[in-house]
Amino acid sequence: MDHPRSFLRGWLASGLAALAVALASGSAQAAEPLKIGFSMALSGGLAGAGKAALIAMEIWKDDVNAKGGLLGRPVQFVYYDDATDPSKVPGIYTKLLDVDKVDLVVSSYGTNEISPAMPIVMRKKLVFPSLFGLAVNDQFNYDRYFQIMPAGPQPKLDWSKGFFELAKAQNPKPKTVAIVAADSDFALAAAAGARENAKKDGFNVVYDKTYPPSTTDFTPIVRAIQAEKPDLVYVASYPPDSVGMVKAAREVGLKAKMFGGGMVGLQFAGIQTNLGPMLDNIVNYTFWVPAPTLKFPGIDEFLKKYEAAAKGKGVDPLGQYLPPYAYAYMQVLGDSIEATKGLDQAKLAAYMHGHTFDTVVGKVKFGKNGEWAQSRVLMVQFRNVKPKDLDQFRDPGTQVVLYPPQWKSGKMVYPFNE
Amino acid sequence: MLSVDLLSNALVAGLLLGGFYAAVSIGLAISFGQLDIVNIAHPAFVVVGSYVAWILNSRFGLDPVLVGLLAAPLFFAAGVAIYRIYYAAFERTGQESLSGLAFFFGLMFIVEVGLMLAYGVDYRLVSAGYIGKSFNLGPVGLPLRLVVPFVAALALTGGIWLYLARTFTGRAILAVAQDPLALQLMGADPVRVKQFAFGLATATTALAGALLIVIGPVEPSVGREYIGRVFAIVVLGGMGSIGGMFVAALLLGIVESVVSTFAGPSWAPAVAFGVLLLTLALRPAGLFGRR
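So the protein lines, in turn, are chains A and B. Counting from 1, position 344 in the first sequence corresponds to residue 344 in our numbering; the numbering is continuous, with no gaps. Quick note: to get our numbering, add 1000 to the position in the second sequence (first position is 1).
Keep in mind the hints are simulated off the structure, nothing from the lab. The beta carbon of each residue, even a glycine, is placed where N, CA and C say it ideally should be. Possibly wrong hints are sitting among the right ones.
[Said to hold, decoys possible] Label pairs and their in silico Cβ distance ranges:
id, chain 1, residue 1, chain 2, residue 2, range
1, B, G1274, A, P292, 53 to 59 angstroms
2, A, D98, B, L1278, 46 to 52 angstroms
3, A, Q139, B, I1227, 49 to 55 angstroms
4, A, K95, B, Q1095, 30 to 36 angstroms
5, B, I1085, A, K295, 54 to 60 angstroms
6, B, S1003, A, K168, 29 to 35 angstroms
7, A, Q170, B, Y1130, 31 to 37 angstroms
8, B, L1185, A, K95, 45 to 51 angstroms
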C-alpha cells in the first residue's frame, strides 16, 4: 500500500517542481533587460555636457523601471565613453550592436559625435533618437533619425533665424554683420546658416572668419571685428571660446548693436555665474529658461531630481540646457515602444513620425527629416545679471525670451552696449 | 587695410599672449630642454595648477596668482618624487627614451582621470578683480587678464634665468645638461642635480596653471591643446636656452596675434608653425640653441 502512495507523492512533487522551474524560467525571460546602447562624451572637451546628459538619462531609466520597465522588461543602459573623439564612435556602435547585442541605440551628445554613428545605425535600419545634432541628417537623409534639439525643419537656418529676425525688427534697421565661428562641424553649420539668413534678410557681411579650437586669446579676433564696425556680431562657438569671446568683447569695448547668437556655454550655470554682469544684453540661443511661458508639465519635477543627482558630480548644477532634452529623447523612445508594443524598428519609426509626444520639454512633433516640425530655438537676452549668484538663474527675469513670439517674455534692450 | 592702431594692438596682444606661452613652457625648457626628459605630461601638471588655483579661489577667495606662488613648493616636492620614480624605473637602466615617454604619457592620463574623478568635468573659472577689465595706453588696449600673466611670466623667466646663471645649483643644472660625467668627476651627484631641476620645472607649473585659469575656463583635458605648442616653443628657442624659449614664446604669440588680426584666426597656427619649420631649416639648433 505504501508503494503506490509514495509513487503518487513523488509524481506530484516532481510535477510541482517542473511547474516551478517553468514559472521561474518564464519570469526570468520576462525579466530579461531591455538594453539601450549609446556612446557618450564622458571625458574630453564635451564631457561637461555628456555627463549631465547621462544623469538625465539615468533619471528617465529609474522613472521607467519604477513603473515596471518597458514591455514588462527592466531597462538597462550599455554605454561607453567616446572621450569627445569622433573617431571612437563607429567602433563603439559596432561593439554595442555586434558584441553587446543591445536592443536599441540612441546617440551621443553633439553633432561631431552623432555623424560618425550614422552609417552603422543606418546599415542596421535602427531608429536613432539623437541628442543635439545640428543638421546631421542633411547629409544622410535617414528616415529613422529623430533629433530632439528644437532646431526646426531647416536646422541650419532656424538656428540663427531668431537673431536676424530680432535685428530686422529694429528701427533703424541695422545693416552690417560679422560672423565668426569655431572650426568644427557644429559651428561651421551654424555659421553657414547665419550667412544665408544674413543674405536673405539683406544684411551686408563685413567679416566672415573661422578660428581654430586651440585659440587662447580672442582679443585680436574681436579687434579685427571691431575694425569693420559691424552692427551685429554673430558668434558660433564652444564653451571655452564663448567665455574668451565674451571677455574679449568687454575688454575691447565692442560697439556692435547686437552680440551673441550661437554661443554654446552661455547656457551652463557655472559659466553664467562666473561671467556675471559681463553677460548683460547679450542675445544668445538657448532651449529652455525658467520663463513663465515655458513651464511645461513635469519640467520642474525633473529639474529638482536633476539638481539632487548632479550635486557633487562636477557637472552643470542647474541643468536647464541639455538635461531636459536628454530626458525627453528617452521619453520619445519609451513612449513609442509602449505604444507599438514591441521593438519593430519600422513600426517605431512610423509611430515617431506620426505622433506628437508629451515630454518635459513640451509637445514634440518630428518633421519629415527627423528634426522638430517647428523650430523652437529661443533667443534670450541676459539682463541685470548679478556677480557670483547661481540662484538668480533659477528665477525668470535674468534671461528674457525674445523669440519666437509665442514664447516671448519681455522686450529687447537695444543696442547691446546700452 | 593696414591700420596702425590695429597693428599696434595686434603686436601688444601677441606680446602678452607670448608671455603666457613662456610661463607654460619654461618648465619644459628645463625638463626637456636641459635634462632631455620628454615630459609630455607637463601641460597636465599645468592643469593641476589651474585646479589648485580654482579650489582656493572659489573656497577662500584667494587670488589665483598668489595661489600659484604658494602652491609652488608642493609642486616642487611632487616633481622630485616623480623624477625619483622615473630615474629608478627608466633612466638608471637606460630605457628613458621610449619607456620614459610612455611613463609620462601614462602620467598625463592618470592626472586627467584623477581630476575628472575628483572634480568632475565641468568648466572651472576663477574670479579676480582684474579679470574682464582693461586700460588704454594711447590707442592700445591692455586687458588685465593678459597683462597679469605677462608680468608674472616675465618675473618667472627672469628669476629662473638669474637662478641658473648666478647660483651654484643653477650652474650645476646647466652643467648636468651639458656633461653629467664631468659633473660627477667634480664631486657633484648628477642624479640629485637633475632631481632638483625636475622639481623646479614642476614647481613652475603651479604658477603657469594659475595663469591659464585667469585667461580662460579649464577642464581636465585642456592641457592637450598645449602639448604641441609648448614643445614647439622649446625647440624653436633652442634646447637648453631659457632666454631663447622666452623669445620663441613671444615670437609665436606675436605671429599668432598678427595673423589672426589681418589674415584670419584659422591661419594663425599654420603660419606660427611655418615660422618654426623655417627657423629650424635655417638654424637647426633653434634660435639660441647650443650646437
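Going through the hints against the structure:
{"no.": "1", "hint": "B:G1274 / A:P292: 53 to 59 angstroms", "verdict": "holds, 55 angstroms"}
{"no.": "2", "hint": "A:D98 / B:L1278: 46 to 52 angstroms", "verdict": "holds, 49 angstroms"}
{"no.": "3", "hint": "A:Q139 / B:I1227: 49 to 55 angstroms", "verdict": "violated, 32 angstroms"}
{"no.": "4", "hint": "A:K95 / B:Q1095: 30 to 36 angstroms", "verdict": "holds, 34 angstroms"}
{"no.": "5", "hint": "B:I1085 / A:K295: 54 to 60 angstroms", "verdict": "holds, 57 angstroms"}
{"no.": "6", "hint": "B:S1003 / A:K168: 29 to 35 angstroms", "verdict": "holds, 31 angstroms"}
{"no.": "7", "hint": "A:Q170 / B:Y1130: 31 to 37 angstroms", "verdict": "holds, 35 angstroms"}
{"no.": "8", "hint": "B:L1185 / A:K95: 45 to 51 angstroms", "verdict": "violated, 58 angstroms"}
Violated hints, in rising order: 3 and 8; the structure is consistent with all others.
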